[in-house]
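K.L.:
Let's have the full structure, built from the sequences with the hints guiding it.
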Amino acid sequence: MKVTDMRMETYLWPRTKPIRNGMYVYPNAGLNVVIIDTDEGISGVGLAGGIEEAPEVGKVIAEHLRQYVVGQDPFDTEKIWDEMWQPKLVGRRGITTRVISGIDIALWDIKGKASNRPVYKLLGGYTDKVPVYVAGGYYEEGKGLEELASEMEHSVSMGAHAIKMKVGGATINEDVERVRVVREAVGPDVKVMMDANCAYRVYEAIELARKVEKYDLFWFEEPINPDDYKGHQLITQATSVPIATGENEYTRYGFRDLIENRCAAIIQPDPLVMGGVTEFMKVAALAQSHDLPIA
Numbered sequence: 001m002k003v004t005d006m007r008m009e010t011y012l013w014p015r016t017k018p019i020r021n022g023m024y025v026y027p028n029a030g031l032n033v034v035i036i037d038t039d040e041g042i043s044g045v046g047l048a049g050g051i052e053e054a055p056e057v058g059k060v061i062a063e064h065l066r067q068y069v070v071g072q073d074p075f076d077t078e079k080i081w082d083e084m085w086q087p088k089l090v091g092r093r094g095i096t097t098r099v100i101s102g103i104d105i106a107l108w109d110i111k112g113k114a115s116n117r118p119v120y121k122l123l124g125g126y127t128d129k130v131p132v133y134v135a136g137g138y139y140e141e142g143k144g145l146e147e148l149a150s151e152m153e154h155s156v157s158m159g160a161h162a163i164k165m166k167v168g169g170a171t172i173n174e175d176v177e178r179v180r181v182v183r184e185a186v187g188p189d190v191k192v193m194m195d196a197n198c199a200y201r202v203y204e205a206i207e208l209a210r211k212v213e214k215y216d217l218f219w220f221e222e223p224i225n226p227d228d229y230k231g232h233q234l235i236t237q238a239t240s241v242p243i244a245t246g247e248n249e250y251t252r253y254g255f256r257d258l259i260e261n262r263c264a265a266i267i268q269p270d271p272l273v274m275g276g277v278t279e280f281m282k283v284a285a286l287a288q289s290h291d292l293p294i295a
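Residues in the sequence shown are numbered consecutively from 1, following our numbering.
Take these hints with a grain of salt, some might be off.
Pairs of lysine-lysine residues, derived as BS3-like cross-links and limited to a Cα-Cα distance of at most 30 Å, are as follows [what the hints assert, rightly or not]:
#1 K111 <-> K282
#2 K2 <-> K111
#3 K113 <-> K282
#4 K2 <-> K121
#5 K214 <-> K191
#6 K113 <-> K79
Everything labelled a hint here was simulated from the structure, so no lab data went into it.
P.N.:
Quick look at the structure:
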């Protein structure tokens, strides 16, 4: 089997109402889709995370990487990944690695379809069930505490056993109140996580974490700039709330540094961002060797 073609398609559509987290306003939703065709009629589809606002850049990078994919055996994911990831050419992180992620996921999709097996089986099939949570709690115009509580109650009524809410877009005391309202709305048995999307300085994150410890949060996600490993370490040492991070980390090298610096109790490698399935499995093994859970 050989790859005969590769292309990237981007879709962007306006939200009914813009949503906001601790850092950004999101007026649109979108998808970046990598499609890879083969000479045996099997096509793979992969998603590249978070580049829909810069589709032209993503497509230029995808076109550059095409030379390393077309003509290759799609089962040679390690070889293809290493040839695409060449720092001296187009960069080691950011959009480049996100495009590589989409390509790699599409190749794994081909491997699954050709083998007539779901990809998780090809990876070892440890379990056929994964716990999920509902992410919400965004800031929106006209959305107060009552609406926030109602949203979270609705998620639980739909069967969610864990929910995540945004923080960082209001004052610390206002967000403490939002956390209190959510905890009271969902009760003591539902896991509650808060996500700052890197909105805080170290001292602010510590203040918030300490003030919400009594609400038994499952984790505090991305409190500060993802590159501030020392800052994450300080926050982790200052609060009983588990720190989670890694959504904006790239490749096994970035996660090696994150883990060695004891930045978090939970790591969050995103296959759509950090290098695809091939790189994710290396990070998973690294986390396992340090007894760190992945979310």
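K.L.:
Take the hints in turn and mark each one as holding or not.
P.N.:
Results of checking the hints against the structure:
no.	hint	in the structure
1	K111 <-> K282	holds, 18 Å
2	K2 <-> K111	holds, 12 Å
3	K113 <-> K282	holds, 23 Å
4	K2 <-> K121	holds, 23 Å
5	K214 <-> K191	holds, 13 Å
6	K113 <-> K79	holds, 20 Å
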